[in-house]
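K.L.:
Spelled out, the chains give:
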Amino acid sequence: MCENCGCGLPGETPAGVSAHHHEPGHEHGHEHDHGQEHSHEHEHEHGPGHHHGHDHPHPHAHPHTHAHSHAEADHDHPHDAGGEARRTVEVRRAILDKNDRLAERNRGFCRARGLLVLNFLSSPGSGKTTFIRESVRKLGPDLKTGVIVGDLATDNDARRLRETGAPVVQITTGTVCHLDAEMVGRALKQLDLTNLNLLLIENVGNLVCPASYDLGEDMRIVLLSVTEGEDKPLKYPPIFQSADVVLISKIDLAQACGHDRDTALANIRRVAPKARVFETSAKTGQGLDAWREFLLQQQRERKALDPLSL
Amino acid sequence: MHELSIMQSALSLALDQARQARAVRVHTIRLRIGALSGVAPDALEFAFEALTPGTMAEGAELAIERVPARFWCAACTREFQSDDLFAECPDCHSPSGELRAGREMEVASLEID
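Chains as they are written, first to last, in my numbering: chain A, -3 to 306; chain B, 2 to 114.
Each hint should be verified, as a subset may be incorrect.
[What the hints assert, rightly or not] If you anchor each label on the Cβ, the simulated ranges turn out as follows:
1) A/Glu100 x B/Glu66: 21 to 29 Å
2) B/Glu50 x A/Arg155: 38 to 46 Å
3) B/Ala41 x A/Arg88: 20 to 28 Å
4) A/Gly170 x B/Ala44: 30 to 38 Å
5) B/Arg20 x A/Gly281: 24 to 32 Å
6) B/Glu66 x A/Arg97: 21 to 29 Å
7) A/Lys231 x B/Gln9: 22 to 30 Å
8) A/Leu292 x B/Glu62: 48 to 56 Å
9) B/Asp17 x A/Arg257: 36 to 44 Å
[Said to hold, decoys possible] A partial selection of chain B residues facing chain A, derived with a Cβ cut-off under 10 Å:
10) Arg31
11) Ala36
12) Gly39
[What the hints assert, rightly or not] Stretches of chain A that chain B covers, calculated by requiring three or more beta carbons in the stretch to come under 8 Å of a beta carbon on chain B:
13) 85 to 99
14) 122 to 133
15) 172 to 181
16) 200 to 213
17) 293 to 300
Calculated directly from the structure, the hints in this document are not laboratory data.
Heads up, the beta-carbon is just placed ideally off N, CA and C, and yes, glycines get one too.
Given the sequences, and given the hints that come with them, work out the whole structure.
P.N.:
Written out as structure tokens, the structure reads:
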């Protein structure tokens, strides 16, 4: 007997979803044999001619079960008590499945256009906007850069970034504490991608939530400013763990802040041993040459991998 | 706030699956949450209580399985579990960047009728 509705057919119970498909014209001959009275809630949709004799003249290929809720007593056909057993549905799907799929779409879209995509994450005030602005200036003619910037409100960052002459799209998230792949997908449509080969995405300043959301980037860049304390990577391991690059920013302030360089580097190594580390100051330009070389190298590798550019 | 939006996604995925299976009630939703997912089970519970009233999952149990972080040490060719989230091989003490498990956030299964 089918485990799902007790219909008498063998029924299929595939590993993933406990549902089966009926052949058109298949009839449900329910044999009910207990005397309880109860109400009867069918979740499936009935055609106009349906009656409670449980013969289904309509063909149905949808997953279908005859589960009943037996909360109230007002019901006159007998039931096989076995039909109402609890069922387990195996789901095994990522909660952010939808975001992950949209992120893959963004990734494919950008790869097809030869865009290298970086997702910048950090706490608020660690210098993302200033670093991105100075990067764009430094990269100049070698890399044609576009920027997508996310904040809860205002377009202040977009205005600061437009000073560079690069195309900029501001996403205002309202109350949402992170960017997601759908927002980035929409922003990509607003950005003139002609001739661009580098896209910098400035995420909402937040060291927790953005870590969970793939935007379709090629690399994650996590900033740690010297003003934040050397133990930030130990306090927020998930986001640093996900970093491809850790940028130590504002090193021009290191002495004033009593920044302990060795401890900071050791903490980064401990949490993100594979990440590339750059020590930079957007203000003095220190470290930006190495950063620029790194991006050019990444872009060359990207081109080498792309069969269309050969 | 983060857990609320994660729970919203989880619940909508679970309710979709329940509807597809023609459920009338959801009794249990089982999640697998990795130690490095950045999501706190307590906050998920709170969000679940807030989001389920009026849905098929009203009054349902939220069962959260924590998945510990597991790393791979290339030098010792072994996998090791790390409870304090730092990836240091217990044998050779070198750090590992090879995360094998611990980022999971998934809806594992449902109990329905």
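K.L.:
Hint by hint, which ones does the structure fall short of?
P.N.:
4, 5, 9, 14, 17
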